[in-house]
Each structure stands twice: as C-alpha cells, then as structure tokens.
Amino acid sequence: MSPVLFNLLLQSIWETVIMTLASGVISFVAGLPLALVLVATDRGGIAENLVVNRALGWVINGFRSVPFIILLVALIPLTRLLVGTSLGTAAAIVPLAIAAAPYYARVAEVSLREVDPGLIEAARAMGGNRWTIVREVLVPEALPGIVAGFTVTLVTLVGASAMAGAIGAGGLGDLAIRYGYQRFETGVMIAVVAVLIVLVSGLQWFGDRLVARLDHRG
Amino acid sequence: MTGRNVTSQPSATAFAAVDPVTGVSETPVVVLSGVNRSFGPTRALDDLSLTVRRGEILGIIGRSGAGKSTLIRCLNGLERPDSGRIEIEGRNIVGLSEGELQPIRRKIGMIFQHFNLMSAKTVLDNVALPLKIAGWAKAERRARALELLDLVGLSDKAGSYPAALSGGQKQRVGIARALSARPALLLSDEATSALDPETTRSILTLLKDINRKLGVTVVLITHEMEVVRTIGDRVAVLEAGRIVEQGEVWHVFSDPKTELTQSLLSGVRPQLPVHIASRLSPGGSETVLGVDLTDPGLGNGLFAEILAHLPSAHFLHGGIDHIHDQPVARFFLTVPREPASLVDEAIAYLRSINARVEVLGHVSRPV
Chain A
1 MSPVLFNLLL QSIWETVIMT LASGVISFVA GLPLALVLVA TDRGGIAENL
51 VVNRALGWVI NGFRSVPFII LLVALIPLTR LLVGTSLGTA AAIVPLAIAA
101 APYYARVAEV SLREVDPGLI EAARAMGGNR WTIVREVLVP EALPGIVAGF
151 TVTLVTLVGA SAMAGAIGAG GLGDLAIRYG YQRFETGVMI AVVAVLIVLV
201 SGLQWFGDRL VARLDHRG
Chain B
1 MTGRNVTSQP SATAFAAVDP VTGVSETPVV VLSGVNRSFG PTRALDDLSL
51 TVRRGEILGI IGRSGAGKST LIRCLNGLER PDSGRIEIEG RNIVGLSEGE
101 LQPIRRKIGM IFQHFNLMSA KTVLDNVALP LKIAGWAKAE RRARALELLD
151 LVGLSDKAGS YPAALSGGQK QRVGIARALS ARPALLLSDE ATSALDPETT
201 RSILTLLKDI NRKLGVTVVL ITHEMEVVRT IGDRVAVLEA GRIVEQGEVW
251 HVFSDPKTEL TQSLLSGVRP QLPVHIASRL SPGGSETVLG VDLTDPGLGN
301 GLFAEILAHL PSAHFLHGGI DHIHDQPVAR FFLTVPREPA SLVDEAIAYL
351 RSINARVEVL GHVSRPV
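Chains A and B are the protein sequences, given in the same order.
Numbers 1 to 218, taken from the working numbering, label the letters of the first sequence in order.
Numbers 1 to 367, taken from the working numbering, label the letters of the second sequence in order.
It should be emphasised that the hints constitute simulated quantities derived from the structure, not laboratory data.
Keep in mind that a hint or two might mislead.
[What the hints assert, rightly or not] If the Cβ cut is set under 7 angstroms, some of the chain A residues that face chain B in the computed set are:
1. 122
2. 125
3. 129
4. 155
5. 159
These numbers were taken from a predicted model, which means no experiment stands behind them.
Beta carbons are placed, not taken as given, at the ideal position from N, Cα and C, and that holds for glycine.
In isolation and in its complexed conformation, chain A is listed as follows:
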C-alpha cells in the first residue's frame, strides 16, 4: 500500500471514529430520556399518559421505518440548517444521530422494562417521587442493559457510517467503495475490513467489560 493510500486509510479511520462517537453520544443523550418517557408513560407506569406514550411510539417507529440512505438525503435541509453544510463528516453526524436515537430508545426501553416492579414499589413505599424512582431505581438497575444496548448501537453506527460516504462524509466505508471496489485496490479493501473488525471487536470487548463491572445482579 502506497504512503498516500496509507494516509487516506488513517484519515478514514479518524472520520469513522468521529462519526460513530459523535452520533453515538447524541443518540445516547436523546435516546435514554425517550426510553424513560416510553416506560414511564405506559400503562401502569410511574407517569402513565397513554396519549403521550402512543404518540411518541409512532414517531419513533416512523423514524425507524425509513431506510437510512433515504433519511440521509431527506434530512439534508435540516443538516444544512444545523451544520451549515450538507456535505462532509460533520454533516453525516446529523442523520446518523437522528437514525440512531430512536433505535437506541427502543433498545434502552427493553432494559428499563425489565426492572423488577417490586423495586419501584419499594421506592414509592419509601416516599420517593418519580424523579427518585428514575435516578435511584430505573437507571441504576437497568444500567448493565443500558450500556450493553449502547455498545450494540455504536457497532451499528460503525456500519451505518459507511453509507454516509454517499454525502461525501468519508470514512472507512467510503474508502472501501471508492478505492477497494471501484479502483480494484484489493489491499485497501482487505485493510479496511481488517480495521473494521478490530474496531467493532474492540468496542464490543470494552462494552462487555463495562457491563460485567456494572452488573451486581449475581
């Protein structure tokens, strides 16, 4: 592999990492509260409100139904409004985050639902309010699942970021298509796949370690 290609590879790794982490953090910050709202407003929840629950459910399902490549294009006006441009790595973060937040909301929702209702009842019996229940029970008790779900989301984002090449965002997927596939640079293709394997495995390993440390359920 030529030094030029090698530098391109390094740059692509960096772009992929930035896109994954930035959109991952945004989807976590947006998705976890959405998940809490979904669980809290559901029937028998700590803030039951079926209108809000159903409405939010539809919105989340709506976003999740749109194929990512369509979302990428459809969100161009919003991206331009937020980032100032519809091209490049920064521009890709907007659609990536908007696609991943509803996904992560559903993943985190599953973990929150698995919290033993007896624990919520215990916190209520102690005189705790809704915020206490969220802070002392729901989030801490669901934390292993919340972190495991976030790992899954990050790995999914690594894959999704490859499509962001379509709007000139760069990244490893873009490199593999333009050099590895279209210019028959088999070495680049192999290198990209190898880097992706290392990246995904590393993320998964780190996530699993963290979950093991957080999980005291025995």
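Since the structure of chain A is already known, use the hints to place chain B on it.
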C-alpha cells in the same frame, strides 16, 4: 426537616394510656372505616373497618385472594381505596395526592416477600436510601445505616451487594432499610413467605425484638398461622375483603369462631389424628370428645387435676400450648358410652371449668 434529628426516638412513648405490661397504648396508629376497593367485578376490600393499636403487632391472615395485599398497600397509599377513610396518626390519607402521600410514606416502613433490595446498590446504600429520599446529609445517612445494620446483625456486609446475601440476610437488610427513617409503623407484606422455617423463626424474633425495643407498631399480612402465633399480639382474619374474626391471638387460637379460622388453625393446633377420625362410626363403644380450654392454671397442675377427675376417660391426643404467656389446651378424650351417665358427667365437669367441649363421634377400642 425533622428527619435530621438522629437521636430522637419513635413517637410511641409520647402518648398517654400505655398499658404498663404490654406497652400497648389505646391511641390507634391506624383506623380504617368503611374501606372499599374493587378491581373490575372483584371486591378486594368490602366495607372493611379495622383499628391498629399503638405498639402492637397485628397479624392479618387470610388465604390468597382474600384482599390482604390490597389492604396492607392501602395503609401507605400504594393502593387507593374507592371509598372509606384511612386514618394514619389521625390523618385521613384517602384522596391525598401522590405528592401529599410521600412525606407520610417516609414515616411508614415496609418489608416485602421478595425483599425488593436494589441490586445495583450496596447493602449500606440500600439501608440509607430512605434517608436519602428524606433529605438527610451523606455522613448522617451513613452513620444511621451502620447503626441499623448493627441492629440486624449485618455490620460486616455493609459493602456487599444483595446478590451475595442469603434470603434471611436479604430480609434483615430489608428490615434495616424499613426502619432507617424511624417509622412509627412497619408494614410486613408476607415477609417470611419466601424463607425456610429456621430463617423465618429468626426473622420473626427480630421483628418482635424491634417491636419491643423501638416501640414500632407492626402490621403484618401472612397466610401462615404460625407467623401470627409466634409474634402476633392480635390477629384479624380476612376473607373476601372482610374481617370475619379478630381478637387477641391466644383468644382466637383457643376459641376460633369461624370455619375459616378453624381451617387456618388446623396446621398449628392439635387435630384428631386422621386414622381415628376415619374410624368414627355411630356404633362405636366410646365417645370422642374434643376439648378447648384456656386457663392460667393449666401450667400449674390443672391438667393433671382434670384427668384425675375423669378416671373413666382415656387421653387420646393433644396437650398444652403457650401463645405468648397464655397456656392454651386442646386435647381429645374417649369416654365409654355405657353407662350413659359417664359421658354426661364428663361434659358437665369440663364445662364447669369453662372448657369448650365438642362431641366428635364414637369409636371402638382399641383405637
């Protein structure tokens, strides 16, 4: 915030009219009147009225589905009745908002069948959680939680997570947690039902200790008569959302009025042995009598005196049991049917010493 006063004692001693022997005061902690609660067509609580006296341990017993859980959860507002009054320390809590109920719940501890400890918190943090909710400072929370862990004998487990504890230890943590904010009332929701008999005994002993030492009023629900027998001062029997019988435990045990109570008691009271019960026939040569008697003299020779008075009777089964400090006798005798006067005389004598006598049937010797 009153909760910051770490040295204050529960309010039990602040009231007059305390019985010097039992420490039980007549000022009720809880008064329920005309409480109704339905779930669809099912009436879980049906015009229920009940009083919990200060300092007592009240056992509420019933079969599953009798409304026990609904009842106990009404006492801290986790369940809302459809109608009626629930007075806690003189204040009606029916109709209060969630926000108004929260400060009241902080003064009511609760323990659960499945312990309901936070798996992500250490034992210490679990015990300190009610104090955190009540707004205590961190150092005070820690000191108070350690004090409670010492009380339940788990000081060495402060840094462990609940998953590392046995069932009995988990319930001890549950008790420490329920008591940390110095409640005047402790609710126990089948607290020993998931534990083995030996652990059950140690948990019940702990509850009794706490009741005596701290003066905390305890309301416990259970389906096991043994629990009520071991620690209850009074018992209320619940069936289909109504209290069908209530009174001092020894009194209800020695003279159960309803069929349900008798059936619930069957496991903890002597019963006519099955092989004899199955052989009862109208043509038997001896009459089988079931006798119930409560008399302080039972422990002091009365029992031997009774048998001496009835030389023709054969002692079949049963004996004396003690519920708290009350000796309660339940036993079975056979008396020959010929001459007929023997049975009549035996019954007359037993009734003269205030025993309850039941003719259960006839059986032929040898039994």
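Comparing the hints with the structure gives:
Hint status for residue 122 of chain A: holds, given a least beta-carbon distance of 4 angstroms to chain B, under 7 angstroms. Against a cut-off of 7 angstroms between C-beta atoms, the interface hint on residue 125 of chain A holds, since the closest Cβ of chain B lies about 4 angstroms away. Given hint, residue 129 of chain A at the interface with chain B, holds; its Cβ is 6 angstroms from that chain's nearest Cβ, closer than 7 angstroms. Against a cut-off of 7 angstroms between C-beta atoms, the interface hint on residue 155 of chain A is violated, since the closest Cβ of chain B lies about 25 angstroms away.
Among the interface hints, the one on residue 159 of chain A is violated; its C-beta lies about 31 angstroms from the nearest C-beta in chain B, farther than the 7 angstroms criterion.
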